[in-house]
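> Chains as they are written, first to last, in my numbering: chain F, -15 to 193; chain X, -15 to 193; chain D, -15 to 193.
Source of the hints: derived by calculation from the structure; they are not laboratory data.
Hints should not be assumed to be uniformly reliable.
[Claimed, not checked] As a list, the in silico BS3-like pairs of lysine-lysine whose alpha-carbon atoms are at most 27 Å apart:
1) F:Lys177 <-> D:Lys10
2) X:Lys10 <-> F:Lys177
3) D:Lys10 <-> X:Lys177
[Stated by the list, open to error] Have a look at the derived ranges for each label pair, beta carbon to beta carbon:
4) D:Val164 <-> F:Asn94: 52 to 58 Å
5) D:Phe99 <-> X:Arg61: 22 to 28 Å
6) X:Gly98 <-> D:Gly36: 22 to 28 Å
[What the hints assert, rightly or not] Reference excerpt, derived from the structure (chain X facing chain F, CB under 8 Å, subset only):
7) Leu101
8) Asn122
9) Ile168
10) Leu169
11) Ala173
12) Tyr185
Don't be surprised by glycine CBs; every beta carbon is placed ideally from N, CA and C.
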Amino acid sequence: MLLTILYIIGITAEGMSGALAAGRHKMDLFGVIFIAIVSAIGGGSIRDVLFGHYPLTWVENPYYIIIICFGAILTTRIPSIMGRLEALFLFLDALGLVLFSIIGAEIARNMGYGFVLIVISAVITGVFGGVLRDIFCNRIPLVFQKELYAGVAMLVASLYYVLIEYLGIESYIATFIALVCGVILRLLAIYYKMGLPVFNYEDKQKNKD
Amino acid sequence: MLLTILYIIGITAEGMSGALAAGRHKMDLFGVIFIAIVSAIGGGSIRDVLFGHYPLTWVENPYYIIIICFGAILTTRIPSIMGRLEALFLFLDALGLVLFSIIGAEIARNMGYGFVLIVISAVITGVFGGVLRDIFCNRIPLVFQKELYAGVAMLVASLYYVLIEYLGIESYIATFIALVCGVILRLLAIYYKMGLPVFNYEDKQKNKD
Amino acid sequence: MLLTILYIIGITAEGMSGALAAGRHKMDLFGVIFIAIVSAIGGGSIRDVLFGHYPLTWVENPYYIIIICFGAILTTRIPSIMGRLEALFLFLDALGLVLFSIIGAEIARNMGYGFVLIVISAVITGVFGGVLRDIFCNRIPLVFQKELYAGVAMLVASLYYVLIEYLGIESYIATFIALVCGVILRLLAIYYKMGLPVFNYEDKQKNKD
């Protein structure tokens, strides 16, 4: 129950962030709504398609789409307020990332997958909404170049896995612990601008690109 | 039967438009054929994958792919003629958009989905061929920035739904009415340059993009 | 058995090439690993999703992902060595392309598909890893503009089909013949810069793009 509420907060926040990104690229209302939907539920959809895990979440609960649409339309009405709530959105985005990652890990675990697929499922669920958003906005996905983002998804999934499989902790308690640790880690990563090492490879082919 | 003929005209027209777009980006013959195929059947394929609706149309009828290939190759032979037929292609593109939207709505309805998913299915089927074409051509999808396009798909799906579910009209008559109304609406949208409101959000992050 | 070894060599080589491409776009470690995975197994994943062929190869054998990750991380450590091995990588890339194409053709054949779908499956499996890599690196896919690449996939699939269906040759012998011919053809195409004709279409819309 609490998870459902958190999930709805998460997709709404991701959707509204997506709507702002669409606004930065001067999209029309359809573009805004589309980018919002993709940002919010794109990661989970890709995960479900890759794992053959049907029906998709939003096909089962189409009202999630409605909620995201309302959030996106709201965003176009009050962009100046959105801008001032930057800190809140950074927090909600962190919450969304961590929560989606845990959900991804849980679904993979329920499908009987092992550690590697659980981590992959967490990363896809947590990160791919943003990747798709950036692809549709025609830019290199930020998560490939920015501070610890996918890394948080991996660590959260690993923590969740260890808590349940090795320490025998109940699923909902493990979810809670992973959620709190993950959000703190993500906020620390933003604050200290922690990031993965960047691989800058320049060669003669560079000129051809 | 008439629908199948219209469908083939629709995918051929969308494919030829896609081939022209590929030509504008100086692609080789494979690129031209690929963009043509994606433009013509990409929307329906994404819909089927998201809904787990197997087998996909072109897997069941691979000769659709052959037809699109011929159209694409033909386009590379007579580009100057294509340019002069602009009005015809605008009409065929409108026909394709509306027809694909109705097909999408019908498939979702036959799968037992409600109104929201029927509209989503119509939009994906009608619009996503063009979205994929633009992604592969490395530009922001035109439908996110242009005159009423996705909006037509939504209105057509809504009309189709109301005609069948509330007015109890036969499916093939509803298809016909929605088709005629949709094409007229789309042509009017082009003529009067009607569009959805554009959301232009500029902030300090703009510089970072 | 030999095929499995060749397959692992193929995905590792494609993954390392992908990692270099990511390095050219200054991605962080996650971006490098992601692009490497997508380059190596993206084509096969798209094929399986489109054909509803579950579970995907890497879901069944997650250790393939681990191997690709190691290759990608290795690449970031020794980029200068990679640069000097260009000839080796061109060969491995040719091997990967041809091998993936044959695997794609074989899977489609085992699903009972006819010639058209077998060729499509070969092209998707052989070429789409590179297409996805370029999409995520935000550039027009090279295979749409470069020397004979998709063409090799088509010819290899056709040869494989003819050898088995018309000449009644054993599957593993047909695989071997198609593999050798394909690699030679691809290397000749690189050497002689053979390519498909380019379709360069300029019109007044060009300015609008």
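> Could you run down the list of hints and mark each one as holding or not?
Hint check:
| no. | hint | result |
| --- | --- | --- |
| 1 | F:Lys177 <-> D:Lys10 | holds (17 Å) |
| 2 | X:Lys10 <-> F:Lys177 | violated (41 Å) |
| 3 | D:Lys10 <-> X:Lys177 | violated (41 Å) |
| 4 | D:Val164 <-> F:Asn94: 52 to 58 Å | violated (45 Å) |
| 5 | D:Phe99 <-> X:Arg61: 22 to 28 Å | holds (24 Å) |
| 6 | X:Gly98 <-> D:Gly36: 22 to 28 Å | holds (24 Å) |
| 7 | Leu101 | holds (5 Å) |
| 8 | Asn122 | holds (7 Å) |
| 9 | Ile168 | violated (20 Å) |
| 10 | Leu169 | violated (15 Å) |
| 11 | Ala173 | violated (12 Å) |
| 12 | Tyr185 | holds (3 Å) |
In the structure shown, a violation is registered for the earlier hints numbered 2, 3, 4, 9, 10 and 11, in ascending order.
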